[in-house]
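Student: Using the sequences and the hints given, assemble the complete structure.
Protein sequences appear in the order of chains U and A. If you read the first sequence in my numbering, its first letter stands for residue 1, the second for the next number, and so on. If you read the second sequence in my numbering, its first letter stands for residue 1, the second for the next number, and so on.
These are calculated hints, taken from the structure and not from any lab test. Don't take each hint at face value.
[Said to hold, decoys possible] Result set (DSBU-like, lysine-lysine): computed pairs, CA atoms no more than 35 Å apart in a straight line:
(1) U:LYS522 - A:LYS363
(2) U:LYS555 - A:LYS111
(3) U:LYS560 - A:LYS324
(4) A:LYS324 - U:LYS570
(5) A:LYS145 - U:LYS560
(6) U:LYS582 - U:LYS511
(7) A:LYS145 - U:LYS575
(8) U:LYS570 - A:LYS343
(9) A:LYS145 - U:LYS551
(10) U:LYS380 - U:LYS481
(11) U:LYS522 - U:LYS270
(12) A:LYS145 - U:LYS580
(13) U:LYS511 - A:LYS363
(14) A:LYS363 - U:LYS551
(15) U:LYS575 - A:LYS363
[Unchecked claim] Computed beta-carbon distance windows for the label pairs:
(16) A:THR212 - U:ASN396: 29 to 35 Å
(17) U:THR567 - A:THR212: 55 to 61 Å
(18) A:GLU305 - U:GLU363: 58 to 64 Å
(19) U:GLN299 - A:VAL306: 42 to 48 Å
(20) A:ASP179 - U:TYR314: 36 to 42 Å
(21) A:VAL306 - U:ARG547: 40 to 46 Å
(22) A:GLU201 - U:ALA598: 27 to 33 Å
(23) U:GLU533 - A:VAL306: 31 to 37 Å
(24) U:ALA598 - A:ALA337: 23 to 29 Å
(25) U:PRO142 - A:TYR207: 30 to 36 Å
(26) U:ALA598 - A:LEU19: 45 to 51 Å
(27) A:ASP51 - U:THR567: 19 to 25 Å
[Said to hold, decoys possible] Looking from chain A toward chain U, a few residues come up when the C-beta cut is under 10 Å (computed):
(28) THR8
(29) CYS46
(30) VAL50
(31) ALA195
(32) VAL222
(33) PHE229
(34) GLU241
(35) ARG279
(36) ILE295
(37) MET313
(38) ALA366
(39) LEU372
(40) GLU374
Positions of the beta carbon are idealized from the N, C-alpha and C atoms, including for glycine.
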Amino acid sequence: MANNERMSHIRNFSIIAHIDHGKSTLADRLLEATQTVAQRDMEAQLLDNMDLERERGITIKARAVKLDYEAPDGEHYTLNLIDTPGHVDFNYEVSRSLNACEGALLVVDASQGIEAQTLANAYLAIDADLEIVPVINKIDLPSADIEKCRAEIEDVIGIPAEGCPAVSAKVGLNIPDVLEAVIRDVPAPEGDEDAPLKALVFDSYYDSYLGVVVMVRLRDGSVRAGDRMMMMSTGAQFDIVDVGTLEPFGLKKCDVLRAGEVGYITASIKSVGDTQVGDTVTLATNPATEALPGFRPAQSMVYAGIYPADGARYGDLRDALEKLQLNDAALLFEPETSIALGFGFRCGFLGLLHMEIIEERLEREFNLDLITTAPSVIYKIEKRDGTVTMIDNPSNYPDAAEIAQAFEPVVRASIITPTDFVGNLMDLCQDRRGVFIDMKYLDQTRVELHYDLPLGEIVYDFFDALKSRSRGYASLDYEMKGYEPSKLVKLDFLLNGEQVDALSFIVHEDKAYGRARKIAEKLKDNIPRQLFEVPIQAAIGAKIIARETVKAMRKDVLAKCYGGDITRKKKLLEKQKEGKKKMRQLGSVQISPEAFMAVLKLDDEEK
Amino acid sequence: MMKKNKATAGLYLHIPFCLQKCLYCDFCSFAGQDGDTHARYVERLCREIVDRAVSVGQLTFDTVYFGGGTPTLLSPDLLGRVLDTARTHLCILPDAEVTVECNPATADAAKLSLLREAGVNRLSIGLQSADDGELRALGRAHTAKAAIETVRAARQAGFGNLSLDVMLGIPHQTRDSLDRTLDTLLSLSPEHISAYSLILEEGTPFYDARDTLPLPDEDTVVALTEQAFATLAGAGYARYEISNFARAGFESRHNLHYWRMDDYLGVGIAAHSLIGRERLQNRPDLAAYLDGEDITEREELLSDEVARDEYVMLGLRLVEGIDKREFRERFGLEFDALYPAIKGYARMGLMLDTPDRAAFTDKGFAVSNAVLAEMLFN
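Tutor: Shown next, in the form of structure tokens:
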């Protein structure tokens with residue numbers, strides 16, 4: 001009974017919300033209200049502690065924090081708030097974080113009401129069997145309509161909202177109501193403290209002193225320093241150095257973590273790859289018979305070449321990728337060479353956002369200027385000689401004559417959208433070679449669309465296009481369906497008659513002409529005039545399908561050179577030379593890294 | 001062929017005063033200084049000539065050039081004093097080319113006669129354009145008519161060697177307006193013409209307004225340039241440098257010193273000197289200069305390699321280009337071995353390359369910066 005008594009004073013919950021509905025601000029207020037963080041130490045949006053997250057207003061990796069709460073009746077509770085990422089690239093991480101909880105606060109903006117992402121997140125939480133506690137936020141806004149918002153929550157999601165907290169996280173109004181609702185409505189955890197250890201890994205990060213800090217939610221059993229832990233997916237074993245709880249400003253050692261609790265384990269583990277999210281930690285001495293369900297190793301969906309803009313910084317780029325990988329099991333990389341770009345790495349990512357985040361972190365945290373090639377998925381090629389090969393780099397795409405059948409990965413996508421945007425989104429899916437499966441009305445105003453879509457189309461900014469065509473309301477989820485036959489071609493680009501490998505990509509036959517023309521035009525606009533005329537050609541095999549020309553430079557001359565100030569004239573030339581040094585030599589043509597990126601960047605017309 | 005200035009040097013005297021600053025000008029000059037400042041400046045200029053005479057005692061000067069600024073803002077008396085001081089303390093050949101830059105509306109026939117008497121034998125006059133709208137757009141302090149009158153006055157005063165400047169790529173300039181400017185220019189029959197395109201230099205009002213200036217685009221400037229060069233060639237002016245044209249024997253001897261990397265002494269604020277391998281500069285600090293401070297600083301001591309590259313950078317400005325034998329005599333190395341890239345540019349039609357000589361073609365001149373930036377200072 002002591003076990004149950006202990007657990008009855010624990011609540012594990014997360015906060016889910018549509019972007020901008022105030023999730024992080026509410027989290028800050030909860031920390032404040034429980035005096036977990038003194039007001040003077042508050043930094044806006046404490047949980048999102050990466051710069052990038054603060055700027056983008058999204059949570060990239062899960063985070064957790066323990067709150068000590070004294071209820072008005074004098075009882076002491078431990079509340080573990082587990083934050084979740086909010087992007088489809090990280091859907092798997094979200095599902096694991098939710099699995100570590102018994103309940104979720106569903107934050108709804110009182111002036112906006114329920115939005116698609118609210119709904120999608122609510123379904124994720126319902127799938128994870130969580131108790132959902134609605135919280136109506138932003139009631140300080142003049143346009144707030146609390147009653148309408150309550151009615152919507154009941155009608156659309158089908159959960160009671162009578163008496164749910166109505167708060168303003170921004171001004172700190174009614175925050176204690178939220179804590180009371182957590183105690184009242186979120187179930188206490190259940191589990192058997194005496195059973196073999198089963199702890200769900202919901203996040204981990206690398207610390208240069210401690211090694212990997214593994215964040216876990218214990219289902220059964222207990223764990224303490226000195227125990228020998230074992231990862232159930234790999235059998236890897238480590239001696240535990242410390243266990244403890246996750247405090248707002250860091251880790252706090254404790255003697256033991258027990259069933260129902262949330263905390264961390266350190267064991268001098270060298271890489272987060274050893275403790276992947278979703279895996280189960282048990283003890284080597286008394287292992288659990290089966291792992292917690294739902295584990296899936298990190299899977300790269302998108303590949304791209306990343307090169308240092310300055311070739312001399314190849315070593316720095318490698319070091320930076322190694323450092324990031326310590327903390328990101330989903331990041332893969334291996335060296336590759338491009339004739340055009342020199343030495344770099346082929347990198348694998350969960351999705352496009354993940355790729356952008358890695359790029360930005362490399363640039364910001366490691367001060368690297370990068371050139372990134374067009375993202376690609378993995379294609380499967382059956383050759384005429386009977387062999388099968390997987391292609392993650394267009395440069396390795398076999399000659400058309402060798403290919404018996406090409407396959408591309410296809411996903412089953414589920415899109416939830418207000419009915420107003422159904423037409424737009426069906427057009428979008430059609431444009432992206434989607435195959436319509438079905439359409440279901442969730443209620444009078446909301447529709448769920450199912451499409452089979454090539455993953456290669458999804459990675460081309462599909463998520464952004466979806467958002468822009470639904471004014472941000474539609475949400476997307478997808479799961480791999482497998483490889484399907486497809487008419488693929490490799491599109492090559494030639495500058496001055498020489499093929500530039502870094503510009504090649506694999507594309508569906510039907511889209512090749514449009515893309516070829518577009519990129520040829522962009523090359524024309526971005527390649528500076530050279531001393532000679534530069535023909536640009538797009539080709540499939542030996543067949544030229546689009547062409548443009550960059551005219552030769554006509555004028556670049558220092559008209560006046562008098563007065564004897566030769567040093568300055570020389571400096572002008574040297575400056576011009578410096579500019580040229582940054583240029584990449586693509587065959588006989590020079591192009592700046594910025595221009596190269598501009599060519600590869602997708603713009604609105606292509607979305 | 002032009003005369004060689006072997007073992008002779010140029011003397012440059014900077015006069016940093018103007019009626020008003022032109023909107024494109026980044027030379028060191030100040031508007032609105034009074035006659036008293038002019039006199040004090042000239043006094044300092046004479047002092048500097050005396051001070052530096054010893055260090056350049058080995059040099060024989062065959063050119064003197066008063067640049068600015070607007071040297072003709074000074075009274076002929078003051079300019080004459082400077083020239084006399086230079087003649088007294090430096091070794092200046094009797095037949096030296098003595099040029100004064102002259103802006104229209106700053107000199108009448110009487111003043112120019114006095115300059116002539118003081119020993120000035122060449123004037124460089126800033127016509128720029130024969131279109132008053134274009135002159136206003138440039139912020140020039142004169143009309144086309146005033147320029148024409150100044151040229152006539154110079155002829156009256158006995159000047160037989162006049163250079164006129166015209167500018168290409170002026171805001172609002174068209175083929176027609178350029179035609180009128182060239183007609184006016186040729187009607188004045190100067191011995192020498194500088195025809196250069198407007199350059200937006202940092203720190204000028206034009207540079208700051210570069211995004212809104214109605215400048216002709218690259219292709220138009222190229223067309224205007226070709227039009228001007230063809231007209232000048234047709235009228236008997238041979239191009240001898242990127243932007244300079246002359247009747248036979250009237251090439252600017254002073255400017256040739258710069259392009260051939262001969263020695264030159266620059267006196268006055270913001271003036272530069274090359275003495276042997278040492279580049280010197282005078283700080284552009286009028287107040288310090290007037291206070292009697294020594295403003296001369298070493299800018300650079302040229303290594304063999306840099307000296308060679310500068311020689312090529314400057315020499316290739318000339319139509320005659322680099323004389324490979326002279327190069328060998330000067331540097332003790334073979335030009336062809338040091339600059340093999342020339343062959344490639346020759347194949348592209350940008351350069352001429354013979355066993356004796358390397359030079360830009362007309363096509364090459366137009367893009368010479370891009371070529372030099374590739375070829376030099378590696």
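Student: Decide, hint by hint, whether the structure agrees.
Tutor: Okay, the hints, checked on the actual structure:
1. With a C-alpha separation of about 28 Å, the suggested pairing of LYS522 (chain U) with LYS363 (chain A) holds against the 35 Å cut-off.
2. For the hint linking LYS555 (chain U) to LYS111 (chain A), the alpha-carbon distance of about 41 Å lies beyond 35 Å, and the restraint is violated.
3. Taking the CA atoms of LYS560 (chain U) and LYS324 (chain A), the gap is near 25 Å; set against the 35 Å cutoff, the hint holds.
4. Between the alpha carbons of LYS324 (chain A) and LYS570 (chain U) the distance comes to roughly 22 Å, so the proposed pair stays at or under 35 Å and holds.
5. As the CA atoms of LYS145 (chain A) and LYS560 (chain U) are separated by approximately 26 Å, the hinted pair is consistent with the 35 Å bound.
6. Pair hint LYS582 (chain U) plus LYS511 (chain U) holds up; C-alpha atoms about 33 Å apart against a cutoff of 35 Å.
7. Annotation: proposed proximity of LYS145 (chain A) to LYS575 (chain U) is violated, straight-line Cα distance about 41 Å (limit 35 Å).
8. Distance restraint check for LYS570 (chain U) and LYS343 (chain A): the Cα-Cα separation of roughly 23 Å lies within the 35 Å cut-off, and the hinted pair is therefore satisfied.
9. With a CA separation close to 41 Å, the supplied pair LYS145 (chain A) and LYS551 (chain U) exceeds the 35 Å bound.
10. Simply put, LYS380 (chain U) and LYS481 (chain U) have alpha-carbon atoms about 14 Å apart, close enough for the 35 Å limit, and the pair holds.
11. At roughly 44 Å between alpha-carbon atoms, LYS522 (chain U) and LYS270 (chain U) are farther apart than 35 Å, so this suggested pair is violated.
12. Simply put, LYS145 (chain A) and LYS580 (chain U) have alpha-carbon atoms about 46 Å apart, too far for the 35 Å limit, and the pair is violated.
13. Distance restraint check for LYS511 (chain U) and LYS363 (chain A): the Cα-Cα separation of roughly 42 Å exceeds the 35 Å cut-off, and the hinted pair is therefore not satisfied.
14. A threshold of 35 Å between alpha carbons decides the hint, and for LYS363 (chain A) with LYS551 (chain U) the separation of about 14 Å falls inside it, so the pair holds.
15. At roughly 23 Å between alpha-carbon atoms, LYS575 (chain U) and LYS363 (chain A) fall within 35 Å of each other, so this suggested pair holds.
16. At roughly 51 Å, the beta carbons of THR212 (chain A) and ASN396 (chain U) sit outside the given window of 29 to 35 Å.
17. Between THR567 (chain U) and THR212 (chain A) the Cβ separation comes to about 32 Å, which falls outside the hinted range of 55 to 61 Å.
18. As the Cβ distance of GLU305 (chain A) to GLU363 (chain U) is approximately 36 Å, the hint placing it in 58 to 64 Å is violated.
19. A C-beta distance of roughly 57 Å is found between GLN299 (chain U) and VAL306 (chain A), which places it outside the suggested range of 42 to 48 Å.
20. Look at ASP179 (chain A) against TYR314 (chain U): about 57 Å separates their beta carbons, and that is not inside 36 to 42 Å.
21. Hint check: VAL306 (chain A) to ARG547 (chain U), Cβ distance near 44 Å, so the stated range 40 to 46 Å holds.
22. GLU201 (chain A) and ALA598 (chain U) have their C-beta atoms about 29 Å apart, which keeps the hinted 27 to 33 Å range intact.
23. Against the hinted window of 31 to 37 Å, the Cβ-Cβ separation of GLU533 (chain U) and VAL306 (chain A) comes to about 34 Å, which satisfies the hint.
24. Taking 23 to 29 Å as the suggested C-beta distance range, the pair ALA598 (chain U) and ALA337 (chain A) does not conform, at roughly 41 Å.
25. Between PRO142 (chain U) and TYR207 (chain A) the beta carbons are some 49 Å apart, a value that contradicts the proposed interval 30 to 36 Å.
26. Distance hint for ALA598 (chain U) and LEU19 (chain A): a CB-CB separation of about 47 Å, consistent with the stated range 45 to 51 Å.
27. At about 23 Å, the CB distance of ASP51 (chain A) to THR567 (chain U) agrees with the hint of 19 to 25 Å.
28. A least Cβ separation of about 15 Å between THR8 (chain A) and chain U goes past the 10 Å threshold, and the interface hint is therefore violated.
29. The interface hint given for CYS46 (chain A) is violated, since its Cβ lies 20 Å from the closest Cβ of chain U, which is over the 10 Å cut-off.
30. Hint status for VAL50 (chain A) relative to chain U: violated, with the closest Cβ pair at about 21 Å, above 10 Å.
31. With a least beta-carbon distance of about 9 Å to chain U, the hint placing ALA195 (chain A) at the interface is held under the 10 Å criterion.
32. The interface hint given for VAL222 (chain A) is met, as the beta carbon of that residue sits about 5 Å from the closest beta carbon of chain U, less than 10 Å.
33. Restraint check, PHE229 (chain A) versus chain U: the minimum CB separation of about 12 Å is more than 10 Å; hint violated.
34. Interface restraint check for GLU241 (chain A): the shortest CB-CB distance to chain U comes to about 8 Å, inside 10 Å, so the restraint holds.
35. Below 10 Å, beta-carbon pairs count as interface contacts, and ARG279 (chain A) has one with chain U at about 6 Å; its hint therefore holds.
36. The interface hint given for ILE295 (chain A) is violated, since its Cβ lies 15 Å from the closest Cβ of chain U, which is over the 10 Å cut-off.
37. Checking MET313 (chain A) against chain U: minimum C-beta separation of about 7 Å stays under 10 Å; hint holds.
38. Because the closest C-beta pair between ALA366 (chain A) and chain U is about 5 Å apart, less than 10 Å, the hint holds.
39. Proximity of LEU372 (chain A) to chain U holds as hinted, the smallest CB-CB distance being about 6 Å (cut-off 10 Å).
40. Given the 10 Å rule on beta carbons, the hint for GLU374 (chain A) holds: about 7 Å separates it from the nearest Cβ of chain U.
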